[in-house]
Amino acid sequence: MGVDLRDLVPKTIIRLEDLSGKSIAIDAYNALYQFLAIIRQPDGTPLKDSTGRVTSHLSGLLYRTSNLVEMGIKPIYVFDGTPPALKEVEIKRRMKAKEEALVRYERAVKEGKIEEARVYAQATSHLKDYMAEDSKRLLDLMGIPWVQAPSEGEAQAAHIARRRDADYCASQDYDSLLFGAPKLVRNVTISGRRKLPSRNIFIEVVPEVVELDAVLKTCEITYEQLIDVGILIGTDFNPDGIKGLGPKTALKLIKEHGNLDKAIPYVKNAEFPVEHPRIREIFLNPKVIDNYKIEWKEPDVEGVVDFICRQRDFSEDRVRKAIEKMQKGTEKLRGKTTLEKWFG
Amino acid sequence: MFTLKVADAKLLKDMITSISILVDEATFKIDPDGIKLRAMDPSRVAMIDFEWPKTMFEEYSASEPTKMCINISELLKLLKRTSKDEIVELNLDEKTAKLQLKITGKYQRSFTMPTLEATEEEVPTPKVTFNVKAKATTQGLSQAIEDAQLVSDHVKIEADPEKLVLNASGDLMGATITLQKGSDTLLDLETKEPAKATFSLSYLAEIIKAASATSDIATLEFSSDMPIKLDFQQTKEGKLTFYLAPRIETE
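First to last, the protein sequences are chains A and B.
Reading the first sequence from the start, the letters are residues 55 to 398 in our numbering.
Reading the second sequence from the start, the letters are residues 5 to 255 in our numbering.
Next comes chain B alone, as it looks inside the complex (with noise of 0.2 Å):
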């Protein structure tokens, strides 16, 4: 038996379209301390890994350790229809392999939708040292991803100790952005050594477009030609963080 009860809908619509951008559907952990996720894209170029400590629940019950498989895209159609403020309670029947989703509000509304087969695949943790790590404002962040967006599909991201420089160019048209120190976008900057590594910029988009509705403060970490992680920053306890691997440019 699993139950959760939220008292603000909009965290779990905004935790769960999250996960939505990489994938549709999801095989979440569930512990009697918390629940998990961690999934790849279809095409495994990014990954998300989630945690969800019991303590960020109203009220939260699993009596034991268990594996709920669910169409995120489906789950997110009902949190939808939610609006601030509403309650929201989930329910597992393993019986019937239903979760049962209520809504309390100014009215009163009760869905259930079925439980898919459960993934077996375990999805390991990236094995990277990272050079630098940034901490930034995820607003920021959005920002300097849409400038860059207007010229290419993808963006080279390069740090020395004092900035962090996102070029991106074209077929026609170039641009370069660049995040000073200590600058009200860039908090903060370590660089063990200098790196740089390229990303697709549609991923990038998505993933800080849709983490900034649960964060406002994002730690980059990444190294030359590597994989880069980016961590966002919970208003409440909880973990929201993305892997996302690079393109590596051959001459």
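The shape of chain A in the complex, shown without the other chains (with noise of 0.2 Å):
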């Protein structure tokens, strides 16, 4: 679920227009959950292709990352490899809380609760090998660069863009700043009018951008005290954090004692699933690589209605004009510079 850092970093609301010309580095699994979370009937069924194959996620792929390059954002998906071995835990409670939703959501259904079930049947999501190589596929045919992470994915983009070959790293959970992400955009992939979940009520969500030094500053702590901060109040290597231990109190934990080590003799409960200093290493020491490739080309426009018209039964109609829609911001973007190339 992420490190829960929302009350403590400081940031700045933006137009998702502001990003044009900007390279981002999006946590790919994280905007593909959100898309099948997401993109679903109103009972909460995702869209299949007439052989049952479940498309939300190209659906939301395609559809958003035009819109992206339309506005002149270069995106760069990076995907999960193996999760670290300290991840067992989340990843646990993680299938236990969707084999619940889908008991709920089955139940919901028969006693025609078509509201509930869908509440039930976004929890349900499930990521399968599937539908990361048909996304991977369609990146490719539509230009897109995506990069392969040997552990996780927003290790991998706060690596890119700490190396400077990406401006921002797009991801809803904060812990792209644990692992260095010098600045997180969020709601990058989701941003525009979104129903709250069981309400009829709708709210606007905006893009908004936190950037490491800020919270750093904002907190007055360094950026290794910062991790230990998260550690208290939950990762996804100890999602429980420290019971009854809310972020704020974390931080003035943190900064009363300089550090985890020194502060832990004055923490109640202080247990964790494995030693402290293994999950700090994960991000102070994640598993990444560096002979990535980013490239952004033409779309490949018959070869995106091939797969995706022909075979998983897309509208072509849509489908071209979404891709269209893109060249016209790859156009749009070319030539364009800002003002800091001369700063010097």
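The set of hints was computed from the structure by calculation and includes no laboratory data.
Computed from a predicted model, the values in this text were never measured in an experiment.
It is possible that some hints are incorrect.
[Said to hold, decoys possible] Computed footprint of chain A on chain B; a stretch qualifies when at least three of its residues, placed anywhere within it, have a C-beta under 8 Å from a C-beta of chain A: (1) 73–83; (2) 130–144.
[Claimed, not checked] Computed cross-link-like contacts, DSBU-like style, restricted to lysine-lysine with a CA-CA straight-line distance of at most 30 Å: (3) B:K167 with A:K390; (4) A:K390 with B:K213; (5) A:K182 with A:K386; (6) B:K110 with A:K390; (7) B:K243 with A:K390; (8) B:K131 with A:K386; (9) B:K71 with A:K271; (10) B:K160 with A:K395; (11) B:K71 with A:K237; (12) A:K390 with B:K106; (13) A:K395 with B:K14; (14) B:K139 with B:K243; (15) B:K131 with A:K390.
Beta carbons: idealized from backbone N, C-alpha and C, even for Gly.
Take the two lone chains and join them into the complex the hints point to.
Below you can see the structure in the form of structure tokens.
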């Protein structure tokens, strides 16, 4: 679920257009899960092709990416590899939650409670291997680069941004900051009007930027200390954090004592699934690669149409329009410079 | 403590309008001798460099250097409620971090608005050696830009010792606008070497339109494929300068 830093981080609301000309390393699984959860029929059934294969993720990937490119944004999708062994607890927890949601979903369907069914259906979203494969294939055809991370996608995305091969990292989770992403942008893949779960209320989801330097400055801590604060609150590698200990107390403890090791004697119920230095190590020295290739190419229009219209039953008309939008965006971007180039 | 008073609300409104075309939030640097702003638009294509010495104002006092960050569109909403020749007073209360805006004319009203956290970012000046310097009327420039906008969203500006040529080409249509040196529009032209550069028309149009309200004469400086500097001569003292990054055509 990611570390809950919401209350500690200063953020700037932006418009998606403001990211024009910028490259963004997007946590692919994070985005695909959102598409799978959101792009569903009213009763919660995902989009499917005529053979029953789920296509919600492809729909999200195509239309969202074409929107971004239309605005002159240059996306890079970063896919998760093998999760670190320490993530086991969290993965098991997620699986259990999904199983429970599935039972509830089926019950709601049986009882004809459509609204409820939809909510539970969203929580059952399962990203199967074929979905990731389909997504990569679609990205290739669209000319959008993707990177296969050896382990955590967020860690790899942060690494790419730190090497200045991307201007921003995009994810819903704040973990990117713990992995050292200099600039995190949230709500990139889902911004727009969104329905609140099980209520008939719509809210406007707007993109927001969180800068690591600003976080450290506001909290008056170092990057290493931020990781320790995260571990106290709870990360993917110790999802429960410390019982009864919230973000503000966590920050206070680390500031008071300097680091986690010195703070632990003052923390009640200080228990971790594994020794905390091992969790810290995942953030400080994550498994990442340097030999990735980032290149935006012209989309292969007929290839996209053949794949998702002929083989996955998308409407050809809409798909062609989406690709056309993308091409216009690339055209607009051609030759654009920013003043920063002349700041020397 | 910082306060200022202008006798003509229009002046303040026009200035804030010029700023609003590039930024939503602006951090002003307030010094005992005047107020300054330097900011880039979020996409970092354009920059405004703005200075108002204290002599511009009927009253001005800033006890010590400070920064004030405000939401420009909100401030503009308030200023739009003023009419010409009304007196506007701004008072910054640093304790409550609120800005008070008092408008006195046919009747008196007072608004308060919050100030925001000031940015630390210092925007540098683009390092460019300019080969062309052109002095033109803002009205003439506005017209030329409007002509070009009919056919495209960007324009190539080319200078030789005799003239300035604006070339716009869209998908289907094209336009060539020639401003001859010494004409009613192009008052002066100095060319160290011929230069050409392409710019976004929407930025140029917005900048020139907003700045025309405060200025009749603009000085354009540019070089091939470099940012253009547009300096708008102010009727009173003060400085209103924009920089705009070029589009670089790669074939």
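Against the structure shown, which of the earlier numbered hints fail to hold, in ascending order?
1, 5, 6, 12, 13
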